[in-house]
Amino acid sequence: MLDFSVYPNGDSALDIRFNSKPSENLSRHIIGLKEYLLNKNPNNFIELIPAYQCLTLIFNPALFDSEMLSQKVQQSIQDFLKAHKNISRKSRTIRIPVCYESIFAPDISILSKHTGLSRKEIIKLHTAPSYLVHMLGFTPGFLYLGGLNPRLECPRKKNPRVRIPAGAVGIGGSQTGVYPQATPGGWQIIGQTPIQLFHPYSSHPFLADPLDIIKFYSINQAEFDDIHQSRIWN
Amino acid sequence: MSIYFIRPGLQTSIQDFGRPGLMHCGIPQGGAADILSMQLVNLLLGNCLNNPVLELTLTGPVIKFECDISIAIAGAQFNVLLNKITVENYKVIQVKRGDILEFGQLLSGTRAYIGLSATIFTSQSFNSVSTHLISHFGGNKGKAISYEERLHLKNIRIAKSAHINRNLQPCYQSRPLLRVIYGPEKKRFTELALSNFFRKTFQVSAQNNRMGIRLSPSIIVDSKAITDSSDEMISSGLYPGSIQIPNNGEPIISFIEGQTIGGYPRIAHIIRADLHRLGQLKAQDKINFQLVHQAQAREILLKKMKYLENLKNNLAPENNESFIL
Chain L
1 MLDFSVYPNG DSALDIRFNS KPSENLSRHI IGLKEYLLNK NPNNFIELIP AYQCLTLIFN
61 PALFDSEMLS QKVQQSIQDF LKAHKNISRK SRTIRIPVCY ESIFAPDISI LSKHTGLSRK
121 EIIKLHTAPS YLVHMLGFTP GFLYLGGLNP RLECPRKKNP RVRIPAGAVG IGGSQTGVYP
181 QATPGGWQII GQTPIQLFHP YSSHPFLADP LDIIKFYSIN QAEFDDIHQS RIWN
Chain Z
1 MSIYFIRPGL QTSIQDFGRP GLMHCGIPQG GAADILSMQL VNLLLGNCLN NPVLELTLTG
61 PVIKFECDIS IAIAGAQFNV LLNKITVENY KVIQVKRGDI LEFGQLLSGT RAYIGLSATI
121 FTSQSFNSVS THLISHFGGN KGKAISYEER LHLKNIRIAK SAHINRNLQP CYQSRPLLRV
181 IYGPEKKRFT ELALSNFFRK TFQVSAQNNR MGIRLSPSII VDSKAITDSS DEMISSGLYP
241 GSIQIPNNGE PIISFIEGQT IGGYPRIAHI IRADLHRLGQ LKAQDKINFQ LVHQAQAREI
301 LLKKMKYLEN LKNNLAPENN ESFIL
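The listed protein sequences correspond, in order, to chains L and Z.
Take 1 as the starting number for the first sequence in UniProt numbering and just add one per residue.
Take 1 as the starting number for the second sequence in UniProt numbering and just add one per residue.
Keep in mind the hints are simulated off the structure, nothing from the lab.
Glycine is no exception: its CB is placed at the ideal position from the N, C-alpha and C atoms.
Hints may be right or wrong, so weigh each one.
[To be verified] Using C-beta positions, here's what the derived DEER-type ranges look like: (1) Z:161 <-> L:39: 41 to 49 Å; (2) Z:147 <-> L:97: 34 to 42 Å; (3) Z:124 <-> L:121: 45 to 53 Å.
[Unchecked claim] Only pairs whose alpha carbons sit at most 27 Å apart, straight line, appear in this in silico DSS-like list of lysine-lysine: (4) L:72 <-> Z:303; (5) Z:187 <-> L:21; (6) Z:200 <-> Z:186; (7) L:21 <-> Z:186; (8) Z:160 <-> Z:84; (9) Z:186 <-> L:72.
Please work from the sequences and hints to get the whole structure.
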């Protein structure tokens, strides 16, 4: 049985924290628990935010007493953990093209220096894994991915950039990911994808869901331009 | 049927309750920064409480009305003129086609809300016309209103006259005391860091927007560590009112368009009943934090809700919606 604790997080939320390391198995439990709680009491929570080792439940404190809700939630988690040993959701594999050429990779030389790997080796190691989407968060459609090769780990920038373009692919510590929007950011940028990760006006606004698999593949600048241009017809 | 912006003001946007329920996709709730003022203008006009309003920040617009309509203004106190004659906040104002509304000097607060006895016809995403200014979606294609822009209106009617008595209007102090309860990482902070947090008067930095409110000074003294523990923080859910302490010790309050997951230790959390007051903070304002317990936080909230319920029964007894704080 997974070890967990429930803590108040402000007067409007509870954090359910699990004491295991981030893993696919734990993410499956957290996503499964989120869906279980949502189905059981659809009106109790305004938001259910899964993270690597934590599920945050936001409620309206005018309707619930935090202490009482916490007890109810603890009981529900026990029930869930007993009843749902195998949480299965079919994962999709989504391929994301990335252009690692210098024009899109302002920090690839920093990464090269830090890791001792050549540009070619960096691309090879970055495109090899099947990354697991643990959760979405931070900004709309941002994917938190697990599975970066430890040889590619590199600290974040001391001074974050004020603006990095939408689609920028970066490495920050032991994480890698794609910025869906042009935002400030502190990761080392090693490439850019021409595809859009977030479509705010579409019926399918997000490229991927938690527990999906992401694979990056390398494209050249001409292919980048082709894909980027074809976006206007979508 | 429309309103025309001769000048847009510094940042005028369309807002409603926002988009609750999407934080697991990284989409913050957004919506009006001062949700209380937003609901009060709608209450005055006999609208449903979630009717889209205009939120203006620090410098107000100059608007020409191209139809007869009723409006109400609440929140920050500006010197507001309709055809050069001063008008009051918290009161239904009857406007004629061709009238010009001007916002002059800001007297208190930061954000004012203009309610309209009509629906704003604009772009929508995720069931809300709230303009998400940081990621550019929602009302007005996700952008603040610009010069010579026209907003189209539908369902226009004329509202009955109504006002909220002065003693019942919210007022915005220049040095608010914001009530908080301890955050989940309280135990990570040294006693000194915690006592600094409650002892110090913080100043709102120029870096404050709908995403977050940065404060200074630092709660670290003599470069002592702020946390006792050195183990890795678990990135977890943030929501409006979460107060994180990054390595430099200067608190950051998450706000309505804030990131949904964060990794800095959360020292405390603004209580829900005080969240709407964050929408009236501006650079240089001074704030203090006061610790309350969970039970007190709830009592304060229920008391405010009850007050709003009474106000609603007086102004619009036929409206059976609940206020949201």
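A quick look at each hint next to the structure:
no., hint, in the structure
1, Z:161 <-> L:39: 41 to 49 Å, "holds (48 Å)"
2, Z:147 <-> L:97: 34 to 42 Å, "holds (39 Å)"
3, Z:124 <-> L:121: 45 to 53 Å, "holds (47 Å)"
4, L:72 <-> Z:303, "holds (25 Å)"
5, Z:187 <-> L:21, "holds (21 Å)"
6, Z:200 <-> Z:186, "holds (17 Å)"
7, L:21 <-> Z:186, "holds (22 Å)"
8, Z:160 <-> Z:84, "holds (23 Å)"
9, Z:186 <-> L:72, "holds (24 Å)"
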